[in-house]
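J.: Each chain is listed here by its residues.
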Amino acid sequence: MPDLLLELFSEEIPARMQRKAAEDLKKLVTDALVERGLTYEGAKAFATPRRLALTIAGLPVRGRDVREERKGPRVGAPEAAVQGFLKAAGLASLDQATIVSDPKKGDSYVAVIEKPGQETVQAIAEIVPAVIRSFPWPKSMRWGKASAESGSLRWVRPLHSILCTFGAETEEPEVVPFEVDGIKSGNVTYGHRFHAPGPITVKRFDDYVPSLERAKVVLDADRRKEIILADARNLAFAAGLELVEDEGLLEEVAGLVEWPVVLMGDFEERFLEIPGEAIRATIRANQKCFVLRDPATGELANRFIPVSNLMASDGGQAITAGNGRVVRARLSDAAYFWQTDRGPLPDLDTLKESADKLGLDLSKPLDQRMAKLDKLGVVFHAKLGTQGERVQRIAALAKELAPIVGADPALAERAAKLAKADLPTEMVGEFPELQGLMGRKYAELQGENASVAAAIEEHYKPLGPSDRIPTDPVSVAVALADKLDTLVGFWAIDEKPTGSKDPYALRRAALGVIRLVVENNLKRSLVPLLDKHFVRLAQDSAGSSAHAMTNWCGRLVNKESIDLLSFFHDRLKVMLRDQGARHDLVDAVLGEGASANDDLLLITRRVAALGRFLETEDGKSLLAGYKRAANILKAEEKKDGEGAFAAKADLQLIAAAGLIEEKALAVALAQATPKAEAAIAAEDYEGAMAALAELRPAVDAFFDKVTVNDPDPALRANRLKLLNQLREATRAVADFSRIAG
Amino acid sequence: MPLAASSDPMNPTRSFQGLLLTLQRFWAERGCVVLQPYDMEVGAGTFHPATTLRALGPKPWKAAYVQPSRRPKDGRYGENPNRLQHYYQFQVILKPSPPDLQQLYLDSLKAIGVDLALHDVRFVEDDWESPTLGAWGLGWECWCDGMEVSQFTYFQQVAGVECAPVAGELTYGLERLAMYVQGVENVYDLNFNGLEGEDRISYGDVFLQAEQEFSRHNFEYANTEVLFRHFSDAEAECKALLAAGEADAASNDQSHKLALPAYDQCIKASHVFNLLDARGVISVTERQSYILRVRELAKACGAAWLKTAGGGAH
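Just so you know, the protein sequences line up as chains E and C, in that order. When you line the first sequence up against my numbering, it's residues 1139 to 1879, in that order. When you line the second sequence up against my numbering, it's residues 733 to 1046, in that order.
Possibly wrong hints are sitting among the right ones.
[Said to hold, decoys possible] Just a sample of chain C residues kept apart from chain E, beta carbon distances all over 10 Å, derived:
hint	residue
1	P790
2	Y912
3	N955
4	A982
5	I1023
[Claimed, not checked] Okay, the calculated beta carbon distance ranges per label pair:
hint	chain 1	residue 1	chain 2	residue 2	range
6	E	E1179	C	A1045	43 to 49 Å
7	C	Q768	E	S1451	36 to 42 Å
8	C	Y953	E	R1606	46 to 52 Å
Keep in mind that the hints were calculated from the coordinates and are not lab data. Don't be surprised by glycine CBs; every beta carbon is placed ideally from N, CA and C.
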């Protein structure tokens, strides 16, 4: 079976696009082949900075012949119908059609059309140019003389040549002939830009790969990555150091070289006074070099690893020296930022108003930066005001939350006021990913309380489901305040997440709140807090409109608070589901009055207790008993009407005419129900479950021995009332009807 | 460690001016008109009308020139070995972009003494965009041993107009390149004239004092009130010139008469904006609106240019 080899050779393709482009090429070409009935055995795509390549093995020489029958009009049909049939079927006259007889419908014409399968070469020659012309590059361009005309070819960068061969292993493959905007397909490629720039004639994939290797091109990006990683680790090890591994950087660097050559350089030790994260950020972002650490101390070493694309004639000395020069220049910049950020700002007198407003101390560098952030009027969101206004809100909220989380309100307020102060620093301006971390460093240097400094960094946490949750109460207060302000703000301006769109990462913020609350055991009713913050926001900004009020637990609260609460409930379900818990238990615990459950910690505890209970034999059996009772009630309520059995069972009737099991259940219910209710009220969920468990023997015995639908209507009604009491008793703990299974 | 030992003061590896002259000669030999710097303050060589305006319209164009570039925010009071608020760009524009532009660029590096068997030259993605010029293109930063020494761009749009044909633009950071080929760590140590001893003139001799004084000016002393006024004046003047140069509907000659003077005012507004930005008196929201205002001027100037002979109008 013949194979296809395709290579699109261009000027340098951005590293970040290469992998996806290779996959796109494979998918588009193979899909188009399959659509024409041309199946294949295997396909693999590759990318280097200058080429996309695709090999497809085991294609047929030509597609299958297709035989098609087209039904025509009956014999003797009007001339117009006959002509229409001939035209549609591509026949010259009726002689070319056959006549079929049908006992019911009589004789009619049928055209048999035989289409020979298309030559695969021909199919490829049609498919590839179409794929090239409509290739889904994230950004594409025009170039050269052709770009004077509209509709000229677009590619990620100028496309120079196309190699396309097709043939079996045993024969000389042929060039698949086509042309795209003046570029004729051929069997020629080119090697490394500097080591082997000349043309290389290629037959098929088997000789393509080794020919490229000889021409100093490693075709497979994963192999380039392996080479870089292995060589970098070895160089580090030889120097008694450890590579700071970085998958994102590795992937990028592998897309910048066709022939990786790993080197090692150094810089002056004095630069190590710059925070290690900043050193790494600058060397990574600007130089695309790896950094190294001392395995003993974990501190960065004054070395770096550049990956070059050249086997230099001096062994890489000049390249290393050149890279070192740039690294030093970049570190000089970082050192300048590090120094400048710790010094006073010019124009301090213009910052006084902001400082007074926010209660900042202008003798301190970080306070100055916060004042400047306020003064500049940097907008957080057009409808939610400036960063300065936002910081004031967060500070007020953090102070309010402090007693709940066990933090000193003054420290929480101070931390909140400095939490965003590093945004206008030089260092964060250059490396946004260092936000928070730099604030902490600068706070430590100006002698802030250790908890305040930590909170400046930690208030952004958790950044994702696996990120650590802060535990210092000051950090918790500010982290909660930051996220709650964000959520309340975007709820107030009605920018809620929809479907896959969540541009302000509100789901992440809500999840962060839940984790902060649950993992720090914070018991607190959420709605009153939200409510108060909605009011604070409304007072603060003219942009947010007044909100509709709604009745909640007997008092009027902001309708948005309740809406936001249900968003938290949804997030909680997702979180528990991701943790492997049954999310139907959340629904069961929330019950119908979902909005009344606004203590996230209690909800999770109750869900956990319920989950554990349902794992026990007592729990399983009670759930089964509940379901049975509920089903019977449902059926009988249909006959007698909703609420027909709402009254308590008549104990005298039971005593007089009931069975012993009936009595036992009545007694058990009378004992267990108040116990369970009291336990729930005391937030003792294990106790509530234990109380329910006590019901189990009586319930089991009841269903075993008692016929509910007794011929005596009074006994029947009384037994149904008893079952209703059972349903009510479980409802005190959770809505069992919402539990699956 | 100089790349090549040579005693000729005009050797590109020995003097800043030698480097500059070598590049000029190289591109002159490849058919470029060698222009002189535009006589206005600009943030980059792209602002020169020989690039911005000539990139528009169907007429072929090849030019090369040095352009002093002012980036008020990049001032470091002469204390940073790499950052300057005033530096030189060497600009090449070739329209339409020739098929061997990458090779031409590499040849120019060879001409100034970069041995390509010894140095790692790389084309690293860098999509160029000038929000103030309403321009964008795709291309690369050209790295030599990890240092960005040039910007390489295929213009796709300028002044809001699609480029047809596309021009290729090369921008060399001359100080960086010179530091590289001279093997100097600090820009102020560059040998400017290639001479030694008493006759040696360094980059610092020429520019250090200017960097110190202009950093003070840009960050501390520039009168922002006056600058705000200058911005409004330039903007108003640009619009007035664009209106005045517009052809009379009844006239046979429909060409625009004042595209170039109007564009000068656009350049002026852009530089004043950069100064205000360096002074930190423009808030983030305002910043965007200033950029938009300059872009509107640039777009209108581009549209006017297309109605001139240079822009290909009949």
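J.: Against each hint, give a clear statement of whether it holds in the structure.
T.: These are the hints, each one checked on the structure:
1. P790: Non-interface label fails for P790/C: nearest chain E Cβ at 6 Å, not farther than 10 Å.
2. Y912: Y912/C not clear of chain E: closest Cβ-Cβ about 7 Å, inside 10 Å.
3. N955: 14 Å, holds
4. A982: Label holds. Min Cβ-Cβ 32 Å, cutoff 10 Å.
5. I1023: Non-interface label stands for I1023/C: nearest chain E Cβ at 15 Å, farther than 10 Å.
6. E1179/E x A1045/C: 43 to 49 Å: 59 Å, violated
7. Q768/C x S1451/E: 36 to 42 Å: The hinted range 36 to 42 Å holds for Q768/C and S1451/E, with Cβ atoms some 39 Å apart.
8. Y953/C x R1606/E: 46 to 52 Å: 48 Å, holds
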